[in-house]
Amino acid sequence: MKHKFFRPLLAAACLALLAACAAAPQAGSAFVLGDPTFSAEHEQTGIDPAQGYSGWACLRYGVGETLFRYTDAMEPEPWLAAGYERTSDTTWVITLREGITFSSGRALDGRAVRQSLERLVAANARARADLDIAAITAAGQTVTITTATPRPALLNALSDPYACIVDTQAGAAEGLAVGTGPYVAVGLTSGEQLDLVKNETYWNGTPGYDSVTVLTIADTDTLALALQAGEIDAAYGLPYASYPLFQNEGYNISTAATSRTFFAELNFESPLLQDPAVRRAIALGIDKERFVQQQLGGHGYAAAGAFPQGMAFGGDAVQAAAYDPDAARALLEQAGWVDTDGDGVREKDGQKLVLRWLTYPSRPELPLLAQAAQATLGEIGFAVQINSTADHNRLRADPTAWDVYASAMVTAPTGDPAYFFAAHCLDDSPANNGHYHSDELQALAAELDVTFDPARRAELAVAMQQILLDDSAFVFCSHLQMSLVSRADVAGLTAHPSDYYEITAALRPAA
Amino acid sequence: MKQNLRLAACLLPAAALLLAVLFARQLCPYDPNAQAFAALAAPSAAHPAGTDILGRDLLSRILVGLRTSVLATLALVAAAALAGTAAGVAAALLGGAADAVLMRVCELCLAFPGLVLALGLAALLGGGLPCAVLALGAVSWPKYARLARSRTLALLPTDAIAAARLAGDSACQLVVRHILPDVAGQVLVTAALDTGAMMMELAGLSFLGLGAMPPTAELGSMMSGGRSLLQTCPWVVLGPGAAIFAAVAAFNLLGEALRDALDPFVCQGEEHEA
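Residue numbers (the working numbering), protein chains in the order written: chain P, 1 to 511; chain V, 512 to 785.
Honestly, the hints are just simulated from the structure, not real lab data. All the given hints hold, so there is nothing to weed out.
Short derived list, chain V residues pointing at chain P, Cβ under 8 Å:
1. 546
2. 550
3. 564
4. 565
5. 566
6. 724
7. 725
8. 738
9. 739
10. 740
In this text the structure is predicted, and so the values were computed from the model without any measurement. C-beta atoms are modelled at their ideal positions from N, C-alpha and C, and glycine is treated no differently.
Could you build all of it, start to finish, from the sequences and the hints given here?
This is how it looks when you write it as structure tokens:
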């Protein structure tokens, strides 16, 4: 009697188990990316391109696309656009590709692009300043943009992640966006997780995964362990020190030289740094070569200026101070900074040569740069107090809280030099944290704003960097290679020099 | 004889630790803060513990880090024991509202997980080793206060105290001549047994970034700095970890030796067993 019920039950259980196995998500249909930077700390609270730097997430994770995209040489080329014509210094006529739809089903036409750009400039001050749009008109598949002033880098700006074209009528949830990319955002927990599904109507190929999840994993050691444990399929932003764990047949590492640069910004509001000799001594007292070779493990190279090699205005086009501790000591001596009490720290007029170095840990090599500088600057008579904190965005806005702010920023995210100066160095720059000012730089920036000739633009960019270096306003330490590490069963995850375009239609399970 | 040998065995590691702490600077083969060598070099004859990611000699940093950690721990334990004892004796002597208030404060402190409370306090105070010591001290004193209070309350009704009072001893004299000598033994044993745990907690705060600041060598912060290298360059973490283990073991052995020597109940127990 007992067996009469037990056997059928057992058989049913086995069948259910088999069915469950069969019904489980097909191998490779789901992809999980770990990223330490998809968070409010990096001004990416969601994927709405109009908000802060959330456009980076919109573009990186394959939801949004822009009218133009960057080539490997960081030149803009048509993407959603089919072509363009500049009919005057301030008028650009852009023709859109036919047959593209948003994931909402709405066709991409001139009107949709106009609405998207109008929404962007209304909400995003950075985009408003870069694009300087006076009027946009749309007719069919054509958009005509008229700028208030000549904007030579308009196409570069239209390739910026904030310019992802989104369907403004789709009623996207808070923080989300409806774009034309290979994946559709269906869920967001800001600072934790973004859920995407395949865009079944994608215009440029078939997405390789049914679903994609982006996990914010702020601790990069945890990120490395999650990749090893198989909890994620790929990772962005792993510490260089962990690379040896993934340099084997179980993983793919895709690397690209980017314009991401480790640089230190000097605070011109700080009484200590009013002295040009002190600023110069800091520039002379940081051993960039050792930092690159020892702490970055060779995953980069020492920087001279803001821009990397390969750009017409980058690499050794400028002359930067080389590491020279003897020259730094001599300079400080001449300026009256002397160690009178024998404690190893120089003084002048009762003031100690104490530098407050502000940085943050989410780029794991930044605290190492701080400690490397602490040692070399210590040898020439500075005492460096390091504050490595996730709260750096609040602190850097307070000029009384720091002397040196070190960060890792993309200096040419649009492939054009104007971005860096506009963002960090001019009187109205949003990230001119150290309140640096130079009349000469302001004048050259004004000229750069209206210069169309690429050769002249490069000349101006070099001259402007040289001013920054001569004033010791910034110390550019190193340019970085960016890597995406994925499991061997993932194909098509390729690092791009722009640091965008991570999740694309090419991403798929390896054959 | 057997007991003496055991006592010596317990005291030897503590003596070795003390020597290492006292002569740390002299024992260092290199300047512990000098970034003068290849980064992440494996242990070798030149660098017996290897080098860290900044190219500093790890043996030198471990020795100096041990000194930092041990001295900070001793300061912490001393501060907690002194403050707690003073509070406990005062509560017992004063009685009434003062006793009630002090003991409720103790209970309030003990109701929170100590390390979590210390974390919050250290963060509020701004980080750094002195702040970490202060934060841990602030959550560690109630244990000593309760111990001192209970011993004092047990002593107060005794004939010795009554005689002292009749002889005209002031409260201060009473404490110094009669109460503290009795309380001190137990407090000392508790402190010695507590030192290892305190060292671990201090290292824990440093590991979480709320302890020693760079370039100060401290064992917890050294382990924290090397944790991403655990799989690729394990010596960066294992060296400081082994030093913490050795120091904590030495403190625990010392604590047990002191307990054996000073606690009458333990001695009696051993005699009964014998």
